[in-house]
Amino acid sequence: MTAPTAPTTIDSDEVFTVEAGGTTFELVCGLEVHAELATATKMFSGAPNRFGDEPNTNVDPVTLGLPGTLPVVNERAIELAIRFGLAVGAEIRPSVFARKNYFYPDMPKDFQISQYDQPIVVDGSIELPGGHVVGLERAHLEEDTGKSTHVGGDGRITGAEYSLVDYNRAGVPLLEIVSRPHVRTPEQARQYVAELRAVLVAAGVSDGKMEEGSLRVDANVSVRPVGTDALGTRCEIKNLNSLRSLGRAIEYEARRQADLIAAGERVEQQTRHWDEDSGRTSKMRSKEEADDYRYFPEPDLLPVTPDPAWIDAIGAALPPMPAARRRAVADAAGVVLPDETVALIVERGQDSQALDAITAGADAARVLVHVSQNLAGEGGASVAPDRLAALIALETSGALTATQAKAVLAEMVGSDATPEEIAAAKGFEAMDTGALEAMVDEVIAAHPDEWETFRTGDDKARGKLTGFFVGQVMRASRGQADGKAVTDLLRRRSGA
Amino acid sequence: MAERITRDDVAKVAQLARLALTDDELDTFTGQLAAVLEHAEDVAALDLADVAPTAHPLQLGNVLRPDVVGPTLDRDEVLAAAPSAEDGRFRVPTILGEAP
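Protein sequence lines correspond, in order, to chains A and B.
So the first sequence is residues 46 to 541, counted in the numbering used here.
So the second sequence is residues 87 to 186, counted in the numbering used here.
Just to be clear, a hint being listed does not mean it is correct.
[Stated by the list, open to error] Okay, the calculated beta carbon distance ranges per label pair:
#, chain 1, residue 1, chain 2, residue 2, range
1, A, Glu334, B, Glu172, 32 to 38 Å
2, A, Arg300, B, Pro143, 49 to 55 Å
3, A, Val271, B, Leu112, 34 to 40 Å
4, B, Ala138, A, Ala429, 57 to 63 Å
5, B, Ala135, A, Gly394, 52 to 58 Å
6, A, Val271, B, Thr92, 41 to 47 Å
Simulated from the structure, these hints should not be mistaken for lab results.
All residues carry an ideal CB built from backbone N, CA and C; glycine is no exception.
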């Protein structure tokens with residue numbers, strides 16, 4: 046649920062568009078992410094918050110809504126919500142729990158305790174690895190529902206004969222994170238969820254496992270003609286179980302809505318179900334009005350007003366978030382963001398390794414290459430920063446070529462030998478500059494026509510023939526020559 | 087003066103609360119709820135600009151419990167109290183459409 050606000054879209058370098066009936070429509074999308082919190086117990090009682098246990102074993106009287114039971118707020122859940130809020134630069138507000146009333150067997154007490162008009166986290170943002178920034182409207186605490194299994198029919202609720210309910214999940218603390226409609230392409234949606242997940246995991250708020258339902262995503266999708274400002278009617282898409290489903294569903298839904306409008310029809314506000322197999326969305330229900338849930342302040346719970354000193358202490362203990370870590374690596378390496386290599390290094394948690402090697406004096410560009418490409422093995426192979434720096438020093442001085450350095454690095458993982466020792470054992474010897482020059486001259490002399498074209502040709506011809514000459518020198522040197530040194534020599538010889 | 091609450095409003099709220107009301111009951115509750123709203127209007131007429139909104143009559147807050155696992159119920163005992171159970175789970179009739 047989302048409290049009514051006046052959403053504003055945001056400029057994006059890229060906007061996904063769909064053509065229909067001669068009109069170009071653009072995508073406007075907001076995402077609601079439910080993250081299960083990494084607590085030991087439930088939101089309002091001491092029953093365990095644990096995935097994968099036998100059905101209905103993690104239930105207590107509060108979970109089952111038995112008469113006379115009263116909820117008590119889990120302090121850890123409040124702390125994790127604050128952690129998340131601070132991690133995304135949001136404001137932490139005094140908050141009030143509310144009852145959301147509805148009758149459905151996944152909630153045995155016939156209402157869900159949530160937060161409505163006074164959520165704990167307000168107004169943050171998430172910076173995507175690609176550079177786009179998505180605003181967050183709010184994040185509020187609530188309790189998860191039980192898990193229903195529909196028996197008979199196609200396994201969905203329509204056509205089922207009856208349902209079986211497991212209340213292990215009922216009452217598990219959830220943080221519902223609501224973005225502003227700032228998502229403008231399916232790719233941004235995927236990046237947003239991946240980045241949000243990285244933030245949740247880095248801050249220790251949630252384990253972020255989509256496959257276990259710890260992270261569940263709903264997409265609010267609408268379209269409007271390019272060049273217009275008013276927001277179109279949106280549909281909420283559910284059952285998005287993977288980043289792949291998310292992107293596909295948004296794309297499908299945007300096309301569906303554009304086609305409807307182009308055909309002169311109206312988009313009805315609906316909740317729709319994504320079917321991964323057919324690649325389509327279908328109507329689950331007409332979107333309910335917030336009034337229908339008859340929200341009112343939960344009389345059994347008091348407001349939560351976190352002490353500012355507590356908030357400060359939580360903030361001080363937060364590790365750096367992925368966006369800050371990307372900036373740190375980019376600054377150290379002198380790279381301009383967005384940068385895919387830097388994003389990859391941070392995503393894999395290799396940033397401290399890269400930073401340490403750069404601090405140890407290694408050439409930054411070579412550090413990024415080695416860490417992102419040559420130390421990307423299973424389990425995150427790593428080499429002590431001073432050793433990586435020593436290897437890169439050999440490469441920078443010309444003692445090893447890039448190819449040789451890669452081979453040496455592969456042996457350094459899990460070995461105590463120095464890069465010099467490994468290089469020597471492999472028979473890698475630095476080619477003396479004089480020897481390399483002689484070799485280049487021999488190759489030039491052997492291919493006078495190619496050399497003439499190289500010397501006088503345009504950039505395209507030169508580029509093509511550079512590859513040819515480097516290849517010849519490599520063959521003559523049995524791979525010992527440094528490609529970059531050869532390229533430099535060729536350029537000098539040609540007088541360029 | 088416009089009606090504070092209509093019979094249709096009451097019928098809708100009754101439907102949301104899954105209450106089956108007779109026509110006579112609808113009339114009765116429409117009148118009673120109108121009186122409640124009238125009382126609320128008396129409060130709304132007061133100048134409360136200097137009064138902070140209150141979410142709870144108790145002037146307390148931050149009643150929190152430590153995140154420590156407590157006892158759970160025995161599943162067999164729990165399911166024995168249910169009208170129907172299967173496979174360690176509560177068996178419930180299919181609900182057509184979803185909430186609310």
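Results for each hint:
Take Glu334(A) and Glu172(B): their Cβ atoms lie about 35 Å apart, and the range 32 to 38 Å holds. The given range of 49 to 55 Å is respected by Arg300(A) and Pro143(B), whose C-beta atoms sit roughly 52 Å from each other. Separation of Val271(A) from Leu112(B) is about 50 Å and departs from the stated range, judged on CB atoms against 34 to 40 Å. Distance hint check: the CB atoms of Ala138(B) and Ala429(A) are about 59 Å apart, consistent with the given range 57 to 63 Å.
Between Ala135(B) and Gly394(A) the beta carbon distance is about 53 Å. The supplied range of 52 to 58 Å therefore holds. Between Val271(A) and Thr92(B) the C-beta distance comes to about 43 Å, which sits within the given range of 41 to 47 Å.
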